[in-house]
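Engineer: Quick mapping for you: the protein sequence lines, in order, are chains A and B. Going by our numbering, the first residue of the first sequence is number 1, and it counts up by one from there. Going by our numbering, the first residue of the second sequence is number 769, and it counts up by one from there.
No lab work stands behind these hints, which were simulated from the structure alone. Note that CB positions come from ideal geometry on N, CA and C, so glycine has one too. Among the hints, erroneous ones may be present.
[Stated by the list, open to error] So, partial list: chain B residues that the calculated Cβ filter (under 8 angstroms) puts toward chain A:
| no. | residue |
| --- | --- |
| 1 | V789 |
| 2 | L791 |
| 3 | V793 |
| 4 | K810 |
| 5 | C821 |
| 6 | G845 |
| 7 | A855 |
| 8 | D856 |
| 9 | I868 |
| 10 | F877 |
| 11 | A880 |
| 12 | R906 |
| 13 | L909 |
| 14 | C912 |
| 15 | G914 |
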Amino acid sequence: MPRLHVDRLRSGDGSEDEYRVVERTGLAAWDATTALTVVGRPYPRVEGAEKVTGRACYAGDVRLAGLLHARVLRSPLPHARIRRIDTAAAEALPGVHAVLGTHSAPAIRWYPDGLLFDRTLRFVGDEVAAVAAESEETAADALRLVAVEYEPLPFVVGLEAALRPEAPPVREGGNLVGPPKVYARGDAEAALREAPVVIDETYTTQTALHNCLEPHGCTATWDGERLTLWDSTQSVFDVRERVAETLGLPEHRVRVIKHHMGGGFGSKQIAWKHAVIAALLARRAGRPVRLMLDREAENLAAGNRNATRQRVRLGATRDGTLTAISARIEQDTGAYLVGGEGSNTSAIYQTLYRCPNVTTEQVGVYTNTGPAVAFRAPGHVEGAFALESAMDELARALDMDPLALRLRNYAEADQRRGRPYTTPDGLRLCYERAAAEFGWRRDRRPSGQGSRRRGIGMAAHDWGGSGYPPGYAWVKLNGDGSAEVVTGTQDIGTGTRTGLTQIAAEELGLPLERVLLHLGDTATGVYAPVSAGSATQATIGPAVRAAAAEARRQLLEAAATMLEAAPADLQLREGTIRVAGAPDRALDVADVTRRIAPHMIQGHGARGPNPDGKAVRTFGAQCVEVEVDVDTGEVSVLRVVASHECGRIVNPTLVDSQVLGAVTQGVGFALMEERVVDAGGVVLNANLEEYKVPTAPDVPAVVHARVDRPDPEANATGAKGIGEPPLVPTAPAIANAVFDAVGVRIRHTPLSRRRLLAALAAHRPEPA
Amino acid sequence: MNVIPIRSSSEIRLTVNGRPVTLEVRPEALLLDVLRDRLQLKGARRSCDMQVCGACTVLVDGAPVSACTYLAVEADGREVLTVEGLADGDRLDPLQEAFIEHGAVQCGFCTAGMLLTAKALLAEEPSPSPARVAEYLRGNLCRCTGYRKILDAILACAAPGGGTR
Numbered sequence: 001m002p003r004l005h006v007d008r009l010r011s012g013d014g015s016e017d018e019y020r021v022v023e024r025t026g027l028a029a030w031d032a033t034t035a036l037t038v039v040g041r042p043y044p045r046v047e048g049a050e051k052v053t054g055r056a057c058y059a060g061d062v063r064l065a066g067l068l069h070a071r072v073l074r075s076p077l078p079h080a081r082i083r084r085i086d087t088a089a090a091e092a093l094p095g096v097h098a099v100l101g102t103h104s105a106p107a108i109r110w111y112p113d114g115l116l117f118d119r120t121l122r123f124v125g126d127e128v129a130a131v132a133a134e135s136e137e138t139a140a141d142a143l144r145l146v147a148v149e150y151e152p153l154p155f156v157v158g159l160e161a162a163l164r165p166e167a168p169p170v171r172e173g174g175n176l177v178g179p180p181k182v183y184a185r186g187d188a189e190a191a192l193r194e195a196p197v198v199i200d201e202t203y204t205t206q207t208a209l210h211n212c213l214e215p216h217g218c219t220a221t222w223d224g225e226r227l228t229l230w231d232s233t234q235s236v237f238d239v240r241e242r243v244a245e246t247l248g249l250p251e252h253r254v255r256v257i258k259h260h261m262g263g264g265f266g267s268k269q270i271a272w273k274h275a276v277i278a279a280l281l282a283r284r285a286g287r288p289v290r291l292m293l294d295r296e297a298e299n300l301a302a303g304n305r306n307a308t309r310q311r312v313r314l315g316a317t318r319d320g321t322l323t324a325i326s327a328r329i330e331q332d333t334g335a336y337l338v339g340g341e342g343s344n345t346s347a348i349y350q351t352l353y354r355c356p357n358v359t360t361e362q363v364g365v366y367t368n369t370g371p372a373v374a375f376r377a378p379g380h381v382e383g384a385f386a387l388e389s390a391m392d393e394l395a396r397a398l399d400m401d402p403l404a405l406r407l408r409n410y411a412e413a414d415q416r417r418g419r420p421y422t423t424p425d426g427l428r429l430c431y432e433r434a435a436a437e438f439g440w441r442r443d444r445r446p447s448g449q450g451s452r453r454r455g456i457g458m459a460a461h462d463w464g465g466s467g468y469p470p471g472y473a474w475v476k477l478n479g480d481g482s483a484e485v486v487t488g489t490q491d492i493g494t495g496t497r498t499g500l501t502q503i504a505a506e507e508l509g510l511p512l513e514r515v516l517l518h519l520g521d522t523a524t525g526v527y528a529p530v531s532a533g534s535a536t537q538a539t540i541g542p543a544v545r546a547a548a549a550e551a552r553r554q555l556l557e558a559a560a561t562m563l564e565a566a567p568a569d570l571q572l573r574e575g576t577i578r579v580a581g582a583p584d585r586a587l588d589v590a591d592v593t594r595r596i597a598p599h600m601i602q603g604h605g606a607r608g609p610n611p612d613g614k615a616v617r618t619f620g621a622q623c624v625e626v627e628v629d630v631d632t633g634e635v636s637v638l639r640v641v642a643s644h645e646c647g648r649i650v651n652p653t654l655v656d657s658q659v660l661g662a663v664t665q666g667v668g669f670a671l672m673e674e675r676v677v678d679a680g681g682v683v684l685n686a687n688l689e690e691y692k693v694p695t696a697p698d699v700p701a702v703v704h705a706r707v708d709r710p711d712p713e714a715n716a717t718g719a720k721g722i723g724e725p726p727l728v729p730t731a732p733a734i735a736n737a738v739f740d741a742v743g744v745r746i747r748h749t750p751l752s753r754r755r756l757l758a759a760l761a762a763h764r765p766e767p768a
Numbered sequence: 769m770n771v772i773p774i775r776s777s778s779e780i781r782l783t784v785n786g787r788p789v790t791l792e793v794r795p796e797a798l799l800l801d802v803l804r805d806r807l808q809l810k811g812a813r814r815s816c817d818m819q820v821c822g823a824c825t826v827l828v829d830g831a832p833v834s835a836c837t838y839l840a841v842e843a844d845g846r847e848v849l850t851v852e853g854l855a856d857g858d859r860l861d862p863l864q865e866a867f868i869e870h871g872a873v874q875c876g877f878c879t880a881g882m883l884l885t886a887k888a889l890l891a892e893e894p895s896p897s898p899a900r901v902a903e904y905l906r907g908n909l910c911r912c913t914g915y916r917k918i919l920d921a922i923l924a925c926a927a928p929g930g931g932t933r
């Protein structure tokens, strides 16, 4: 039963007062001793049948009479001004129903300082015009008829070039996104001067592309002044807010629906232009419009993981105690700041290790390429590659086991806020479990046959994943004893439907098949935040449990009257309510609900606050074994052992899937994935042929050494997030294993054959 | 520049999921668009547009093809099987069952293509080795699962004898 408390926090400085809202649920957390029967079991996905039969409805699958197909004309130049645009011929083409461009679209603000269709274009792929037509072919024909005269402007590609004093400005005000974000505790410079052992190296990470199999896009339709959008999004409520705001509509007249989506990985966590463009085209045409990006547009204009350059300095005593961490980070923001989670590359330097002297300085840099957006553990993946590589270098410099070095230095508290973690031993557990399962042995010698050399490496991570308020859910019991759960969150493919259904079924004492969960619809669901930050299960799970608990309480009160017993004496399991100690006095849940129908039992639940005075965190460690062919530079990842502390595991199959999938993306990030931009600002591999993602034969044997331990201080379910973190340590663990195998340190991702061969050649001056 | 190509349509007759279909299609019409927009069979997904990701895979006369680059006119006189035709009424194909059971489905966007590719493989080779299954799936990308559970699901449907490697 949520109880809403609103506190006024008076600013006192003339700025607007803030309000702090706390909703307490009064639920006792499920801890390690709670006997659970539905939560914790590896149920198959509740939507499995929809997906294997092809029935699952994605953003581009909506059937609507009169549906038009939209396409977007994109800038061929990395920086240009539109001198003249003529769409008359496109508009005259039979079958074309609407055309939008700088000259004809409403002046809708986009990015901090631009327009939806702006005269200034800042990357190859920037939106120039859009058409809606009877067919994809006609839409494509129409785009060819749009005549645009561009005035090319000086442009810059790549971090280093953009930082040069003479670099052409991507936008007025220069190429720095803002002043550097600086963090400091203690005195890292002094500690580095005094440290007997210092590592000082520079690492780079590449621009990586999400390449969700389903591109961004939506279907839009108007019914009078009401707009419905089926969008491939990680946040139906954020899309609703943005679209309503830009179109000047009240929020209740915009309905955003997302039944299923073909991956997001962070790239779909914001409202993108396509949603507004489709809505405008649909309104102009008076017909529904489908606007799905093609693969090229997806890889040009729908986000990427920012490239970074990181200078890392570590100071340590001879016994391997870290005394200083310093990082200076530059990252390639692309042409625009698109919002959403920032890529906070600095964070892992501040948190992963116990260290009194830490300085980080992070600066974003504009370039004339597609904008960066969150990509699965944004910032942490980039930062961990550098930090965890540097830790391996430190271990080598100290002649110390990399595992022992980490065990000596890992953090048990959030040093940024001076709060202990709810699971201070979380990372230790992961180290120990991963090392034991892997058979980590410091004294083991690199092995190999012929040109092949084997080596082992490890890396670790932390991450948030606590979840946070607000987030809501409702539970209703039908007359037949079935239950429906309604929430406004979304299942972005991770298994949210299944995990939340298990939580509800557990609390309601019903078998899983008697519970159905509805989500992904702003018109029917109650507010839930963006599915990002590995927060969904830990945010909405407790809200679902709270709603179910309220329904359960009412159900038991009704049953108590019927059974002539006290509610406290009733037990509810697998759909049956029994009087304790009197097994013959029992009712099915349906017996209760039928007798009171059509009166209805309903529960409303909210996400309670996170604990005061403590920090909730997730952790992990991975050990990998690789084989390097010194003749070809090929790196094969032979096996990975991954151990992650994410609190209670609600569904082992779903959690294993997150680990396997994330490690696979980590292999891609480490070895093959890289957006390549030529000197003219053109992306050379904006497709799935030349942008290499891992295929089935590329995937190593992955063992998930589970740490399934509830974190009852975190929230009422004891579960924390796992979606992003297992990607974080994979790349540095691979790089460290490559060093172990062949003795060369690759400080740049991806560890391509070209890089390996060049490094091996430099390492081995004399020919064999 | 401003030339609109003149296009004529032609009639094609094909069998889709066991049912005869007759359609007028433009010569450049892709099988994927015809399936999705004309026949409302949405199970084949558009993703890479260049026959490398496998999300649009359907079987034409039993062989896996990428419907995103396969002209509809090429299907004239042929039998097309889409994911919607895999189940026998309400009875799922064993591969479909295995995909659900093994957790081989995540976001689901690659699933139809994976299932049909697996169907073709097992028809060709009833007892493939694990390495052979992985190799055969090279043209089907999955960004979510890491493939392992997909391989497990397919191997669970293979006849015994494929070995363990």
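Engineer: If a hint holds in the structure, say so; if it doesn't, say that too.
Structural biologist: Verification of the hints:
The closest approach between the C-beta of B/V789 and any C-beta of chain A is roughly 17 angstroms, which is over the 8 angstroms cut-off, so the hint fails. The closest approach between the C-beta of B/L791 and any C-beta of chain A is roughly 14 angstroms, which is over the 8 angstroms cut-off, so the hint fails. Using the Cβ-Cβ criterion of 8 angstroms, the hint placing B/V793 at the interface with chain A is not satisfied: the shortest such distance is roughly 11 angstroms. Against a cut-off of 8 angstroms between C-beta atoms, the interface hint on B/K810 holds, since the closest Cβ of chain A lies about 4 angstroms away.
Taken as an interface hint, B/C821 checks out: its beta carbon lies about 5 angstroms from the nearest beta carbon of chain A, inside 8 angstroms. The closest approach between the C-beta of B/G845 and any C-beta of chain A is roughly 24 angstroms, which is over the 8 angstroms cut-off, so the hint fails. The criterion of a C-beta within 8 angstroms of any C-beta in chain A is met by B/A855, whose closest approach is roughly 6 angstroms, and the hint holds. With a cut of 8 angstroms, the hint placing B/D856 at the interface with chain A is violated, because the nearest CB-to-CB distance is about 12 angstroms.
With a least beta-carbon distance of about 4 angstroms to chain A, the hint placing B/I868 at the interface is held under the 8 angstroms criterion. Given the 8 angstroms rule on beta carbons, the hint for B/F877 holds: about 3 angstroms separates it from the nearest Cβ of chain A. Given hint, B/A880 at the interface with chain A, holds; its Cβ is 5 angstroms from that chain's nearest Cβ, closer than 8 angstroms. For B/R906, the shortest C-beta to C-beta distance to chain A is roughly 5 angstroms, which falls under 8 angstroms, so the interface hint holds.
A hinted interface residue such as B/L909 counts as satisfied when its beta carbon comes closer than 8 angstroms to some beta carbon of chain A; here the least separation is about 6 angstroms, so the hint holds. Taking 8 angstroms as the C-beta cut-off, the interface hint given for B/C912 holds, the closest approach to chain A being about 5 angstroms. With a least beta-carbon distance of about 4 angstroms to chain A, the hint placing B/G914 at the interface is held under the 8 angstroms criterion.
Consistency note: the structure conflicts with the earlier hints numbered 1, 2, 3, 6, 8.
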